[in-house]
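There are 2 protein chains.
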Amino acid sequence: MTREERRNGRRKGLVIVYTGHGKGKTTAALGTMIRAWGHGMRVCMIQFLKSETGKWGEVRAARKMEGIEWISTGDGWTWRSKDMDETTARALRGWEIAREKIASGDYDLIILDEFTYALAYGWLDLQEVINWLKANKPDDLHLIITGRDAPTELTTYADLVTNMSKIKHPFDEGIMGQPGIEF
Amino acid sequence: MTREERRNGRRKGLVIVYTGHGKGKTTAALGTMIRAWGHGMRVCMIQFLKSETGKWGEVRAARKMEGIEWISTGDGWTWRSKDMDETTARALRGWEIAREKIASGDYDLIILDEFTYALAYGWLDLQEVINWLKANKPDDLHLIITGRDAPTELTTYADLVTNMSKIKHPFDEGIMGQPGIEF
Numbered sequence: 007m008t009r010e011e012r013r014n015g016r017r018k019g020l021v022i023v024y025t026g027h028g029k030g031k032t033t034a035a036l037g038t039m040i041r042a043w044g045h046g047m048r049v050c051m052i053q054f055l056k057s058e059t060g061k062w063g064e065v066r067a068a069r070k071m072e073g074i075e076w077i078s079t080g081d082g083w084t085w086r087s088k089d090m091d092e093t094t095a096r097a098l099r100g101w102e103i104a105r106e107k108i109a110s111g112d113y114d115l116i117i118l119d120e121f122t123y124a125l126a127y128g129w130l131d132l133q134e135v136i137n138w139l140k141a142n143k144p145d146d147l148h149l150i151i152t153g154r155d156a157p158t159e160l161t162t163y164a165d166l167v168t169n170m171s172k173i174k175h176p177f178d179e180g181i182m183g184q185p186g187i188e189f
Numbered sequence: 007m008t009r010e011e012r013r014n015g016r017r018k019g020l021v022i023v024y025t026g027h028g029k030g031k032t033t034a035a036l037g038t039m040i041r042a043w044g045h046g047m048r049v050c051m052i053q054f055l056k057s058e059t060g061k062w063g064e065v066r067a068a069r070k071m072e073g074i075e076w077i078s079t080g081d082g083w084t085w086r087s088k089d090m091d092e093t094t095a096r097a098l099r100g101w102e103i104a105r106e107k108i109a110s111g112d113y114d115l116i117i118l119d120e121f122t123y124a125l126a127y128g129w130l131d132l133q134e135v136i137n138w139l140k141a142n143k144p145d146d147l148h149l150i151i152t153g154r155d156a157p158t159e160l161t162t163y164a165d166l167v168t169n170m171s172k173i174k175h176p177f178d179e180g181i182m183g184q185p186g187i188e189f
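Going line by line, the protein sequences match chains C and Y.
Residue 186 in our numbering sits at position 180 of the first sequence, with consecutive numbering throughout.
Residue 113 in our numbering sits at position 107 of the second sequence, with consecutive numbering throughout.
Errors might be hidden in some of the hints.
Any copy will do: because identical chains look the same in the list, a pair fits if it lies in one copy or spans two.
Mimicking BS3-like on lysine-lysine, the simulated pairs with C-alpha atoms at most 30 Å apart in a straight line are [what the hints assert, rightly or not]:
1) Lys56 to Lys172
2) Lys18 to Lys174
3) Lys70 to Lys174
4) Lys70 to Lys140
Calculated directly from the structure, the hints in this document are not laboratory data.
Remember, it's a predicted structure, so these values are computed and weren't measured experimentally.
Just chain C, same shape as in the assembly:
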C-alpha cells in the first residue's frame, strides 16, 4: 500500500489504549507490533519508562526484526528514580520525540509504551497532549498507548480500550519474574 493509498482513506488509524493493573499491556502492544510487522508496516516503539538495556527480550527481538525502530527515553522505573526532575525532563523529551515521529507520516504504527504515567503523574499536560494528537496525528496512523490508570479524557479520545485486570500473579506467590515472560 502506497502512502497515497493510505492517505486516500482506505485505512482508519486506530487509537488503542491498553490499561489496567494486570499483566499484558506492553505485551499486547508487542503482539500488535509483530502483527503489523508481519504485514510489512513501518513500526516505531517509544518506551517512556524503561531504560534501554540488553536484558529485555523484546529489545533483543526488535534488533533482529528489520523495519522496527525502537526508542527508549526513560531512566528506569519511577520508584527507582533518585531524581524526579530528571524523570520529568525525560518524559518531556520522550513526548518531543513522539510528536516528531507521529507528525512525520513515516510510520503505520507507533507505540507510546507506559505513556499513561506521564499523563497521570502530571509530567505532561493531559489536555494539551490530546489536543495535539487530535490536530496532528495522521488519519491512517495506528497509535497504541499503554500503562496503568489511563485518564478518562484519553479513553474518551481512543477508539479501542482494553482494561487488563489482575486475577492472579505469580509475584503474589513469591515467584520471581521469569526471563522471556516478564522481560
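Starting from the known structure of chain C, arrange chain Y on it as the hints suggest.
Coordinates of chain Y only, in the frame set by chain C:
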C-alpha cells in the same frame, strides 16, 4: 541455558491464562512469544480455532522469525463452521498435537491459542486436560492459554491470570477490523 540447567530448576515454568472479552488475549500471547524469541527460547504456537491462511500478520511474521514453530489446527471460527463434529475432531487433534509438543521437552514456551473454547464448549474434558498437564508438563516449560471464559478449574491451576475486559471497541462504532491490528 542447557536442558540440564533448565531441568535443575533454575527456571519456574509458568502457566499463564489470558482471558476475558476484551481485545488483547492472543495479542499478549504474541507479545510474550516475541519476548521469549528475543531471549533465544524455543517457541511453539498452536492455534486451535484460526485456520492457517496467509492473511494473518502474525503468521507472516512467524515465517520470518527463525525458531518459532506455528501450528494451526482449527477450521475457522466456530460460528462459521458448518460441521460441528469436524470442529470437535479438530480440537481433539489439536490437543493430541499439544500433548506431544508439551511432553517432548523440546520447547521453552508453548502457546495454546483460543484453547479455552475447547474446554468451555466441552470438546475436551476439562478435568482430564488439567490432570494431564499437572502430570506431564515439564516444570520449566512456560505455557500460555488464551480465549474467553476460562473455566475456574483452569485459572485455579494457572500461575498468572489476566482478565482483558472491553471498555471500548471500534466495531461498536462500525469501524472494520484493520490489517496489522486485528489480524
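Hint by hint, here is what the structure shows:
no.: 1; hint: Lys56 to Lys172; verdict: both (21 Å within a copy, 27 Å between copies)
no.: 2; hint: Lys18 to Lys174; verdict: between (36 Å within a copy, 16 Å between copies)
no.: 3; hint: Lys70 to Lys174; verdict: neither (33 Å within a copy, 34 Å between copies)
no.: 4; hint: Lys70 to Lys140; verdict: neither (34 Å within a copy, 35 Å between copies)
Of the numbered hints listed earlier, those contradicted by the structure are 3, 4.
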